[in-house]
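Participant: Protein chains in written order, with the numbering used here: chain W, 69 to 531; chain P, 69 to 531; chain Y, 69 to 531; chain S, 69 to 531.
FYI, nobody ran anything at the bench for these hints, they're computed from the structure. None of the values given here were measured: they were computed from a predicted structure. Any given hint might turn out to be false.
Treat identical chains as interchangeable: a pair holds within one or across any two.
[Claimed, not checked] 27 Å max Cα-Cα, derived DSSO-like pairs, lysine-lysine: (1) 264 <-> 120; (2) 70 <-> 236; (3) 391 <-> 259; (4) 292 <-> 80; (5) 382 <-> 212; (6) 178 <-> 530; (7) 236 <-> 212; (8) 523 <-> 264; (9) 178 <-> 370; (10) 74 <-> 382; (11) 382 <-> 530; (12) 264 <-> 74; (13) 70 <-> 370; (14) 369 <-> 74; (15) 530 <-> 512; (16) 382 <-> 259; (17) 120 <-> 292; (18) 303 <-> 70; (19) 264 <-> 382; (20) 369 <-> 308.
There are 4 protein chains.
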Amino acid sequence: MKFTEKGAEGVKIAYVGGGSRGWAWGLMSDLVSCTDMSGEVRLYDIDLAAAKCNETIGNRFNEVEGAVSHWDYRATETLGEALDGADFVVISILPGTFDEMESDVHTPEKYGIYQSVGDTSGPGGVVRALRLLPMIEEIALGVKEHCPNAWVINYTNPMTMTVKMLYKAFPEIKAFGCCHEVFGTQRGISKMIEEKYGIAGVAREEIKVNVIGVNHFTWLTEAKYKNIDLFPLYKEMSEKYYESGYVKGKDDNWMNNVFDCSCRVAFDLFRRYGYIAAAGDRHLAEFCPGAWYLSSPEAVKKWGFSLTSVSWRKGDLVERLAKGRRRASGEEALAIVPTGEEGVEQMRALLGLRTLVTNVNIPNVGQIPNLPMGAVVETNAVFSPDSVKPVVAGEIPMNLYPLIARIVGAQELVVEAVCRRDAMMAFPAFANDPLVPLRTEDAKALYLEMIENTKAYLADYKI
Amino acid sequence: MKFTEKGAEGVKIAYVGGGSRGWAWGLMSDLVSCTDMSGEVRLYDIDLAAAKCNETIGNRFNEVEGAVSHWDYRATETLGEALDGADFVVISILPGTFDEMESDVHTPEKYGIYQSVGDTSGPGGVVRALRLLPMIEEIALGVKEHCPNAWVINYTNPMTMTVKMLYKAFPEIKAFGCCHEVFGTQRGISKMIEEKYGIAGVAREEIKVNVIGVNHFTWLTEAKYKNIDLFPLYKEMSEKYYESGYVKGKDDNWMNNVFDCSCRVAFDLFRRYGYIAAAGDRHLAEFCPGAWYLSSPEAVKKWGFSLTSVSWRKGDLVERLAKGRRRASGEEALAIVPTGEEGVEQMRALLGLRTLVTNVNIPNVGQIPNLPMGAVVETNAVFSPDSVKPVVAGEIPMNLYPLIARIVGAQELVVEAVCRRDAMMAFPAFANDPLVPLRTEDAKALYLEMIENTKAYLADYKI
Amino acid sequence: MKFTEKGAEGVKIAYVGGGSRGWAWGLMSDLVSCTDMSGEVRLYDIDLAAAKCNETIGNRFNEVEGAVSHWDYRATETLGEALDGADFVVISILPGTFDEMESDVHTPEKYGIYQSVGDTSGPGGVVRALRLLPMIEEIALGVKEHCPNAWVINYTNPMTMTVKMLYKAFPEIKAFGCCHEVFGTQRGISKMIEEKYGIAGVAREEIKVNVIGVNHFTWLTEAKYKNIDLFPLYKEMSEKYYESGYVKGKDDNWMNNVFDCSCRVAFDLFRRYGYIAAAGDRHLAEFCPGAWYLSSPEAVKKWGFSLTSVSWRKGDLVERLAKGRRRASGEEALAIVPTGEEGVEQMRALLGLRTLVTNVNIPNVGQIPNLPMGAVVETNAVFSPDSVKPVVAGEIPMNLYPLIARIVGAQELVVEAVCRRDAMMAFPAFANDPLVPLRTEDAKALYLEMIENTKAYLADYKI
Amino acid sequence: MKFTEKGAEGVKIAYVGGGSRGWAWGLMSDLVSCTDMSGEVRLYDIDLAAAKCNETIGNRFNEVEGAVSHWDYRATETLGEALDGADFVVISILPGTFDEMESDVHTPEKYGIYQSVGDTSGPGGVVRALRLLPMIEEIALGVKEHCPNAWVINYTNPMTMTVKMLYKAFPEIKAFGCCHEVFGTQRGISKMIEEKYGIAGVAREEIKVNVIGVNHFTWLTEAKYKNIDLFPLYKEMSEKYYESGYVKGKDDNWMNNVFDCSCRVAFDLFRRYGYIAAAGDRHLAEFCPGAWYLSSPEAVKKWGFSLTSVSWRKGDLVERLAKGRRRASGEEALAIVPTGEEGVEQMRALLGLRTLVTNVNIPNVGQIPNLPMGAVVETNAVFSPDSVKPVVAGEIPMNLYPLIARIVGAQELVVEAVCRRDAMMAFPAFANDPLVPLRTEDAKALYLEMIENTKAYLADYKI
């Protein structure tokens, strides 16, 4: 990489995973429309064909109208080839297949346990972590060997445990995790500003927030737009739409989209705690006692969000793969559409092309003084050349502390259990999850069944 | 007070409350059999007649066979008189009457919430704290005014919040909370040593333990008898008696005693966490999700412990009051029987008459580094002249951390809410309790009903 | 204050002190050239005439060429009038007169102790603090009464202790301290970039640094310009100019200016510690053992900086006062010249008109985890609407830790001593200062003499 | 090892070093007079002949009048043999010879730097650590290999850095450092009690103290005998004997003994700080600016203590070796004389034969919350079976904090430098020592000269 008048040239990005995920295309779009970076992207996926398909798509993006920089895409056969000398490493992998995820999400239903996502927390999150984290460990060791100075950007869930594992495996790693859930909350507040004050088009970045918590259970303890304190506004709107739910816009109606929600969970949490829960309801609900929002499919419907069934995901995947083939073949045209994701902006800031203050997931070094040091937390951070430094978000308020400390303890325990490849060591995290109100023997039976269903990926484990 | 060859003479003890509690008599017995302290005990109770009854009993103890020191008992009409110039203050009060406690314990049953004690944690503990802590605040201010250098020993529940309030109201106070639950666990282990190794009569003090946690949810992370590691023993016994329960001795059969238990909850917690839960099952169960041990009266029976109904307490009180009258009148003889409590030994150590290492409840100044500083926790401490210094118990293990951090957060919040006399500020602690798996509106309805039932004591509160 | 299309109108600034200081005029210049703020400035000084003089000058600035916003200046007779309802409070006062400062700086010379500034640390800093901090306490209490929501910006030295006192007196205060010393280091590095790489005109804000330490003894542990690590550059330059000193530019020759320096002290500190000391040599030297840089006037000269004598300050003051009168009368023309100070930019960021990451002095809430919480430290912080949140700078490196921890302890002690108005309580800070290698009795004699010389301001103290 | 009615039999002790030190004989005497332990002692010394000499002496002790237990002594040719399966490891080694120590202590005198001991802190302590700590690392690795469950008791100086290195090399080690300096202070106070109150014969263990600090610069922040606060007593005595010095008893006159002192330094420190410095003046003085107590041999004499010259040590060694030969040969009779050291009592407590609360040097896990975690500090601790748990001593008072934090930082740095075998990394600790008020180049020249003088032991180092 070198700096010229055009900015940074020859930037090397390794993209691990993403063979089957639509938003790899989003990154391609964001990169090619970036004026002051260019370079190459190496694509590594355990499904080489999928990586090759993305190689073709990526290279075609250079020709799309609106492309202002050039990126060479290349699928690699090994992880090492992709990582070799990289400036940035992007991780976005699916651990195992949707068959294993099907067990993660749906096996607990036998015990009346419903999960809206099942990839972060709850029984599904724990078992997914057992499967995923050894892969992450391998990637971290690959970074250590092939590109120890690279910045590693993780998008894989469970986010917190993934980032923690990166640091466990390679303590000097420069890694952080990105998630757009907070952005969604900012966008919702922007709509509220329009409704209340008639100020339209406030960009989500203009909503200045103090972010605190852990990924997917992140909270805003302050929110301002210029001199307007947004808490009274949020309180008013959360009461006004408490029953009906909040429809962020015509196309955002949650009933039309399996990923959307009506913010009723967030509004209920605001009632309980007085702070703004800054993630989608599907995620928030999973960190709370099952009786609150996930007691039954009917309750979920009443709360205005959806259970993302894995059968839906499977169907969606088929469609996406087909779309990928059409895009690679040229049958379907490509277009540059800003994703609203921040990955490219973060890279620019790390290269010194701008300053950026945004929320990330990194180990606690003091940004949340009343959580254990070293635990991965989500707060704002300042991005500057070769540096991500967290902003002190302050102490977790005492009413939220029990919920968030619970998560931290559970996730620290699971990661340690994975490091030791000791599945039963993680059991207390599983059995004490608020979604799992089972007697010890039932909890154990469920855990063992779920492990059995994913055992192809747990060969190393003592169970 | 002065020191002579006989030890400390003229020791002044203020006893606040205890008018109706049997174990005030226990302290009298322990004091009069102590060879190197003598002095006076001032008795203050809002029921002056009860205090006067104890005055008579206390003075009669000087004449009992085996009495080796002399103590003058005197009931006082005001708190200030009792506290004036005291060396020690003992607090053991009942906040309100058993009618309020009846609501604390039984009102939640409407929602399927069962509590085995209802005075420490759970919905009953929170509402009891609202009622109790202003009284504790008043006592602390009395100490500040009348005997700022006194050592204050609390026996009142909820222990953790009471001690916290003492420090909130008078930060320079020298106070600690005592509880005998750990002793009971030590005694149980002593029986196990006998069963396994044939070593009889090991005194509970000889079982050396590392104590960590919060009162009534206290854990042993180490336990040794000489060079014997007691964890393998406990593990073996917990498995052997997992189903049948552990009967500590003929007279200890839990079925005969509303306060006793079969340790099945402790054994189940050992299975889950690998550490020894050092309190009676009635207490331990209340800190866990209701579904684990308190889902129904039948489940409680199966787990081998009892729900202490307040109607039973009321009957028991009538008996104790009658007993008090008989003892005061001389109708019933007094006898010196060692209680096994440590209050008198603690006083001796604080006067420099011995060294003592035992478990107490005091604010965290580093003894548990991964819990918030200032939160009241239970660990061992060294008692020496005019000094109680906690022993560093270490970090809460990550599998227990979520449970204990939850309690700490909840109790810190309730105490703060009481300081502000803001009942709704405490609601998140109530609604997030693992015994309260209710929707927000149901939780609020229950909370408000319970508050209504105790409103005579909450005149100062904003509700 | 209200927001319009023009930005923030009706901003109310209280300026406390500054009657005799040139740079009040700098703030006037910066304000009047700010496009998106306008309002009023109330001037309070114990010398009302001086404040009135500034009132005239300030109002005249509205007419100067290049003025783009309007500010009304008004001298007030009381502090309360100035503070009433203020949005911002600027503090820049001289405690006592230069006669007291003369004692602070020069009395220690009897014992061979030389101070280059004498207003921050060392014997002069301690005694100045005794005199100053009660005034600061009064201002803090005024803020509490008249404008509790105002942001308070301090420029007064000793900076660290002043900010600490503001928080001691009014713990909810929103205060921070600003200092331009780090900027000077950034500018010096900019020159080095030009010398080495031929890249001219790099703005100091483009030099991205991690700031850590305490005011006037602040260190850079990271410094980057785009992808250039500036540490090797600094190392090279510090060796190249180690003997000769570094002349930042023709007009910056330290020999021409009592405030300037040749960076030889900073270079020597770099040799010792491997980090960039980011303040002028005059300040840096005062935090080190006297034998290093301040053993004699000759040694100072050799190290390439100057002892700022108070007689020089007195002469300079006469000139500045005359200049003030000429400017007020119109005899001397006013001109808008950017000061390079950040006060106005900080105000804009606090109003939501921009985002700013810069270094400030605020209490430690986790930004430097291995210094005591609550101690005032200097690190970067993020300024956003109504919010200053520190960036986690990390732990003080162990080779610097002894020096910086020493300062923190000393300054905490002095502030506590002032709160108790107990001069002898501050004595250990005085006597353990590395500039004061005296035996106990000599240290005490010097301390008492210096106190005697400033006793007019210490009437409240127990000595 | 097994437990019988007689206590612990078959206890295995490895004694590393001690070949030439008189007090190995003291341990022999203490062991053989211990009623409830017996076993074997393996002696390893790089001087095998010296170890063999001690073997003979040790075995002869079993025959001395008053011997109540039996210990088999055996010199081993390798460290591993000595450590194999040991229950306890005692470390007491001299790094290098007195020739190297001669340089440590006396080379700095060229620059006017006088050291009274030169083995703990100051220039001598730093260079000695460079030489010693690799040996300690080797011992720690030996413990890891041969007896990972052993308790390791260190008596070697520099104590703090030695203990730190043990934990660095083998983080799971169970090690602590013992020092009798606090005992000496307790004995001095006992004499003061006799002088003031006429109470004779108060045992030093009855003086209850709160110990805080680092080895050889340890402080008492509380001291009580029964209900007597000993601070007013100490204050009175420190003033009474400030000028004359305090002679603890006829035989203790400091003028008669190179190791003794008159407490004038401790009294002067009490005047400065208001806390009791609990070590001999020879040690205390070395942690203070040289100008205070060590500016010249004359000043030292005036302060009432001695510079321990290495030539004296050399002579003393010759005498001790001769004495060893006489004792081994039977020419000189052995006698059991209690040493007043606590090593044997600590072993008994670790075996569960008693409870002991005493001061030790171990890593900070919360016992001193305002010092860095992990740094080795000295406080009280509770010894129980297989457990040493520190007592929370509280925060270092702010007037002492600068001095003690300085030491902690310096020692942490030196240990890290040794781990990296990077001598220049330790230079800032050397050059910032309060005994070394030299310019950078002089400090470096001295450092390099001292390193040169000990280079035979620094072959691994990058210099």
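Participant: For each hint, tell me whether it holds in the structure or not.
Facilitator: Checked hints:
In this assembly of identical chains, the alpha carbons of residue 264 and residue 120 never lie at most 27 Å apart, being 49 Å within a copy and 45 Å across copies at closest. Taking the closest pair of Cα atoms, residue 70 and residue 236 never come within 27 Å of each other, the shortest separation being 31 Å inside a single copy and 41 Å across copies. In this assembly of identical chains, the alpha carbons of residue 391 and residue 259 never lie at most 27 Å apart, being 32 Å within a copy and 54 Å across copies at closest. Taking the shortest Cα distances, residue 292 and residue 80 sit within 27 Å of each other only across copies (20 Å), while inside one copy they are farther apart (37 Å).
For a Cα distance limit of 27 Å, the shortest separation of residue 382 from residue 212 qualifies neither inside one copy, at 34 Å, nor across copies, at 53 Å. Proximity of residue 178 and residue 530 under a CA criterion of 27 Å is satisfied intra-copy only: 26 Å inside one chain copy versus 45 Å between copies. Taking the shortest alpha-carbon separations for residue 236 and residue 212, both the intra-copy value of 12 Å and the inter-copy value of 23 Å come in at or below 27 Å. For the homomeric pair residue 523 and residue 264, neither the shortest alpha-carbon distance inside one copy (53 Å) nor that between copies (39 Å) is at most 27 Å.
For the homomeric pair residue 178 and residue 370, the shortest alpha-carbon distances inside one copy (21 Å) and between copies (24 Å) are both at most 27 Å. Taking the shortest Cα distances, residue 74 and residue 382 never come within 27 Å of each other, neither inside one copy (43 Å) nor across copies (53 Å). Within a single copy, residue 382 and residue 530 get their C-alpha atoms no closer than 31 Å, and across copies no closer than 53 Å, so neither meets the 27 Å cut-off. For a Cα distance limit of 27 Å, the shortest separation of residue 264 from residue 74 across copies, 22 Å, qualifies, whereas the shortest one inside one copy, 43 Å, does not.
For the homomeric pair residue 70 and residue 370, neither the shortest alpha-carbon distance inside one copy (55 Å) nor that between copies (42 Å) is at most 27 Å. Taking identical chains as interchangeable, the C-alpha atoms of residue 369 and residue 74 are never at most 27 Å apart, the minima being 52 Å within one chain and 47 Å between chains. When the C-alpha separation of residue 530 and residue 512 is checked against a cutoff of 27 Å, the pair qualifies only within one copy, where the shortest distance is 15 Å, while the shortest distance between copies is 45 Å. Taking identical chains as interchangeable, the C-alpha atoms of residue 382 and residue 259 are never at most 27 Å apart, the minima being 33 Å within one chain and 58 Å between chains.
Within a single copy, residue 120 and residue 292 get their C-alpha atoms no closer than 45 Å, and across copies no closer than 37 Å, so neither meets the 27 Å cut-off. Proximity of residue 303 to residue 70 under the C-alpha cut-off of 27 Å is restricted to the inter-copy arrangement: shortest distance 23 Å between copies versus 50 Å within a copy. In the homo-oligomer, the alpha carbons of residue 264 and residue 382 never lie at most 27 Å apart, since the shortest distance is 41 Å inside one protomer and 57 Å across protomers. In this assembly of identical chains, the alpha carbons of residue 369 and residue 308 lie at most 27 Å apart only when taken from the same copy (19 Å versus 46 Å across copies).
Violated hints, listed in ascending order, are 1, 2, 3, 5, 8, 10, 11, 13, 14, 16, 17, 19; each of the other numbered hints is respected by the structure.
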